[in-house]
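Working from the sequences, and respecting the hints, build out all of it.
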Amino acid sequence: MLHGVRRAPVPVYLLETSHPVRGGRGRELRPGRLESAVDDLYRELILDAYKNPRNRGRLEEPDASYEDENPLCGDVIRMDLEIRNGVIEAAKFSGHGCAISQASADLILERVKGQPVEVVLSLSREDVFEELGVESLTVSRVKCAMLPLKVLKAAAYGMQPSLKPG
Amino acid sequence: MTASLGRPVAAHLDTTTVREDFPILRRLAHGHRLVYLDSAATSQKPRQVLDALRSYYENSNANVHRGVYLLAEEATELYEAARVRVARFIGASSAEEVIFTRNATEAINLVAYTWGQETIGSGDTIAVSALEHHSNFVPWQVLAANRSAQVDVVDLTSEGTLDLDCLDRMLMEKRVRLVAIAGISNVMGTINPLSDIVDLAHGHGAMVLVDAAQMAPHMTMDVRRLDADFVAFTGHKMLAPMGIGVLWAREQLLQSMPPFLFGGEMIRRVTERETTWNDLPWKFEAGTPNVEGAIGLASAIDYLEQIGMKQIRAHEKALVAYALHRLADIPGASILGPRDPALRGGVIAFTVGDIHPHDLASILDRRHGVCIRAGHHCAQPLHERLGLSASARASFYLYNDFEDVDVLCDAIQTAKAVMG
Ligand SMILES: Cc1ncc(COP(=O)(O)O)c(C=O)c1O
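Residue numbers (the numbering used here), protein chains in the order written: chain A, 1 to 166; chain B, 1 to 420.
These aren't lab readings, by the way, just hints derived from the structure by calculation. Source: prediction; values computed, not measured. Do not take every clue at face value.
To be verified - Calculated lysine-lysine pairs in the DSBU-like style (CA-CA distance at most 35 angstroms, straight line): (1) A/Lys113 <-> A/Lys51; (2) B/Lys416 <-> A/Lys150; (3) A/Lys143 <-> A/Lys113; (4) A/Lys143 <-> A/Lys51; (5) A/Lys113 <-> A/Lys153; (6) A/Lys143 <-> A/Lys153; (7) B/Lys310 <-> B/Lys174; (8) B/Lys416 <-> A/Lys51; (9) A/Lys153 <-> A/Lys51; (10) B/Lys310 <-> A/Lys143; (11) A/Lys51 <-> A/Lys150; (12) A/Lys153 <-> B/Lys317; (13) B/Lys416 <-> A/Lys113; (14) A/Lys113 <-> A/Lys150.
Here is the structure:
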């Protein structure tokens, strides 16, 4: 059933506009709507995880590993997992990229270490945001933040062929 | 904080007046004065161009080349007058030599799909430079694969300029049919020695396609003096709207090429059995064209010429010289490409220590309202050669001033403090 035309939010953030710009669902797009979400991006938590990662490195004999890149910016993340009785015993990430992708990799591994593999498969974008301590990210930076989880999931799927997507 | 003491004043054009023509420059970014340093990606648009678009839709909108009523005649006249305007701007012999496309990428693909498919054969070589944007690289790679031909990449010198000896050798040793080369690199800023390249190529019977996407907006370009065979550029980098581009080639060459896309507008006569093609330039313009874009481009050219292409080039050269000088004072900042401002357009790509360009760009934006590009700038093969996965890029245009350079440098210092 159609409930009228769904309109995408108008991506306009004019500061000196004389008429207010209306977005989806009649929401007024105020100047700074994008700005509040990103002010706190380069804060302690992310910078600390980036500068002093706890989970950077490679495992000698991983039970699962996967590597992927973000073709837009060339960020590369590799994840190595050691799994015993379905539990992630050890995990390391390697690669290179911006602070957001590297911090995201470190923080997400911190979260899943010692957890059953299934936990990885249930993680969502919101979990990544939670680990990074942000409410949201702009479109381009979401890709940076999500790359590590994508790689981690691929590594975990590799361990459990029955769970492979498609 | 700002080194205003040594800041030069704009001598070649009045940036204060120019800036007033660009409404977007009045907005703030994260509470700061907007410092737009990404004109190599797309330029901002002056009020004059925006007014021309509005006036077209408010007064003359109709489909072109179809109706006999007043509006249709007006729209057609405006569209064809825009073509004449472009032809004069680039020094074409006639308006028939100006083909409107969607952008530079489509103009290059047009050549690959028409001239290329007919001309390039097994064992032929297409020479491209190591500086090329993907849009002057991938179409040739695909064409070569389809025709059992090959693409060879002309090396760069350590200075970041084109290695003409390498091109010469290639022309000598291989059956090179086409040299596809950017007028100005969108990464290194290098201004390529086009007349030398054209002479070399023609001397060996090869054609030359110039990707002028970064050149047409920033310096005087005379296609007849240039003597290349194809020239492609894109409106949105030169104050016009997105979605309008240009292919130029000599009339005789265009006549000999088969059409690109098929449908309305490009036909002379369609019967159930066969179709004959329309005259130039419409043979290459299937379907309803971007009339608004063409009108916007003509208006943009009026604006640019009113300021003066020589003045714009001189202004950007001064900005780049100042920026190179100021960036050299920032420990850890490393600049890609030639050091001599005379050899480069208004583009500076750089890295700062091991700060990832994305982090740099985000911090510049958030803390200082500075818009720069971060990534491989659609030139992955070049970044691979340089051993980089990404770089940061600041690019200038007529509305940038020396203060913008100072803000850029202050912002880089902030990023270093945050990431350090
Ligand atoms: C050197 C060069 N060539 C081609 C292009 C492609 O322009 P467009 O995307 O408008 O086709 C660009 C712009 O990104 C460029 O910088």
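We went through each hint and held it up to the structure:
{"no.": "1", "hint": "A/Lys113 <-> A/Lys51", "result": "holds (20 angstroms)"}
{"no.": "2", "hint": "B/Lys416 <-> A/Lys150", "result": "holds (30 angstroms)"}
{"no.": "3", "hint": "A/Lys143 <-> A/Lys113", "result": "holds (23 angstroms)"}
{"no.": "4", "hint": "A/Lys143 <-> A/Lys51", "result": "holds (20 angstroms)"}
{"no.": "5", "hint": "A/Lys113 <-> A/Lys153", "result": "holds (14 angstroms)"}
{"no.": "6", "hint": "A/Lys143 <-> A/Lys153", "result": "holds (15 angstroms)"}
{"no.": "7", "hint": "B/Lys310 <-> B/Lys174", "result": "violated (39 angstroms)"}
{"no.": "8", "hint": "B/Lys416 <-> A/Lys51", "result": "holds (13 angstroms)"}
{"no.": "9", "hint": "A/Lys153 <-> A/Lys51", "result": "holds (24 angstroms)"}
{"no.": "10", "hint": "B/Lys310 <-> A/Lys143", "result": "violated (42 angstroms)"}
{"no.": "11", "hint": "A/Lys51 <-> A/Lys150", "result": "holds (22 angstroms)"}
{"no.": "12", "hint": "A/Lys153 <-> B/Lys317", "result": "violated (50 angstroms)"}
{"no.": "13", "hint": "B/Lys416 <-> A/Lys113", "result": "holds (33 angstroms)"}
{"no.": "14", "hint": "A/Lys113 <-> A/Lys150", "result": "holds (16 angstroms)"}
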